[in-house]
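Protein chains in written order, with the numbering used here: chain A, 458 to 673; chain B, 458 to 673.
Derived by calculation from the structure, the hints in this document are not laboratory data.
In this text the structure is predicted, and so the values were computed from the model without any measurement.
One or more of the hints may lead you astray.
One copy or two, it doesn't matter: identical chains are merged, so the pair holds either way.
[To be verified] In the SDA-like style, the derived pairs of lysine to any residue whose C-alpha atoms are separated by at most 20 Å in a straight line are:
#, residue 1, residue 2
1, K466, Q500
2, K579, D628
3, K494, D592
4, K597, V664
5, K533, E515
Number of protein chains: 2
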Amino acid sequence: MQKSTHIPKATITRLSLYYRQLELMEFDGYRTVSSDKLAWLCQVNPAQVRKDLGYFGEFGVRGVGYDVKELQEQIKRILAINREWNLGIVGIGKLGSALLQHRNLQVRGFNCVAAFDNDPEKIGETAPLGIRIRDIEELKTAVKELNIEIGVITTPASAAQYVADLFVEADVNAILNFSPTRIQVPDCCMVENIDFTVRLDILAYKVRNEIYAKAI
Amino acid sequence: MQKSTHIPKATITRLSLYYRQLELMEFDGYRTVSSDKLAWLCQVNPAQVRKDLGYFGEFGVRGVGYDVKELQEQIKRILAINREWNLGIVGIGKLGSALLQHRNLQVRGFNCVAAFDNDPEKIGETAPLGIRIRDIEELKTAVKELNIEIGVITTPASAAQYVADLFVEADVNAILNFSPTRIQVPDCCMVENIDFTVRLDILAYKVRNEIYAKAI
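Could you build the full structure based on these sequences and the hints that come with them?
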């Protein structure tokens, strides 16, 4: 059904956002939505919505729009989130613990099945959701045993590369990196960086240079 | 000292990453660093490092490289993170609580000075760091009282727009949005979205389409 093999990452990102808006619309009782309305809600232009979906087939009905429920199912299928994914989280501090308990992950089929740390005081303890905190050195074994496909790094920056290497060695080819540094991985491994402290820096820069500058 | 007024956002993002690598290098005892090495550590090309810094002046010494400590100071000044910023967090669930306690925020001068929620059972309770959880309806008053310049949204998607409107009404012109939806704000307001569940969708897509596809 997929027409083209090269899909821009921005399209994938927007599909994920469309999906979230469709969920909200279903919750609000909507059965259909026009590309104009979906576009407005997601802050893109309507042609973009049609183009993004067009990569994967024909979904809407002219004059009616998209079926809210049906389009969710299609996007889930496209994004491969119509199945469950097992996650392993390394670094069980405040952020790692919050992620373990994050309702949105479970709801979306991202199951945190293992927690790792290198702190002897944490290893063996029970993390949120009743998950036992394992020694980081057990990562490779646990990956195989629990079928972990996505690794999550919530360690300090200084430990991130070591952890990334362990994931790669264990054949985990997808890493979500919350540590405020870039990690080096081979081409076969995909990394998404969540730099929220970087984003704060960007906001600080913009407030000073774009907002305060205008006020002067 | 700033040569040009239009600086690409990608440059600002990279400056923030350079800064983090410089911190790590200082910690490891390095006094100088070449643009080649800094570039390698940040996974960009050396010409990019020189171009990014070139927007703001001349920092390195030919044949010697950059002074690790001095360049940090310069980047802090450029990004406006050589001062403190007050943050207000709305939505004191697991993620909001983790952010309140996140060591990296305090270390970087991003002070969480207020916490808000709309849950009567939480309002009045003490959040991490000894911060009293305020009623979301007090947001406008608290923003003025505590000089909050950056708003952080960690509510469910369904509440995000309401909270964003409150921030805008209170003249908070910078928002870090952790909720998995897009918010609509006027042009005077800057938003950075931290969509980690969206990033998981992207990883799922890539693993299925790029990694498993290669393996077949």
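Check each numbered hint from earlier against the structure, then list the numbers of those it violates in ascending order.
-> 2 and 3
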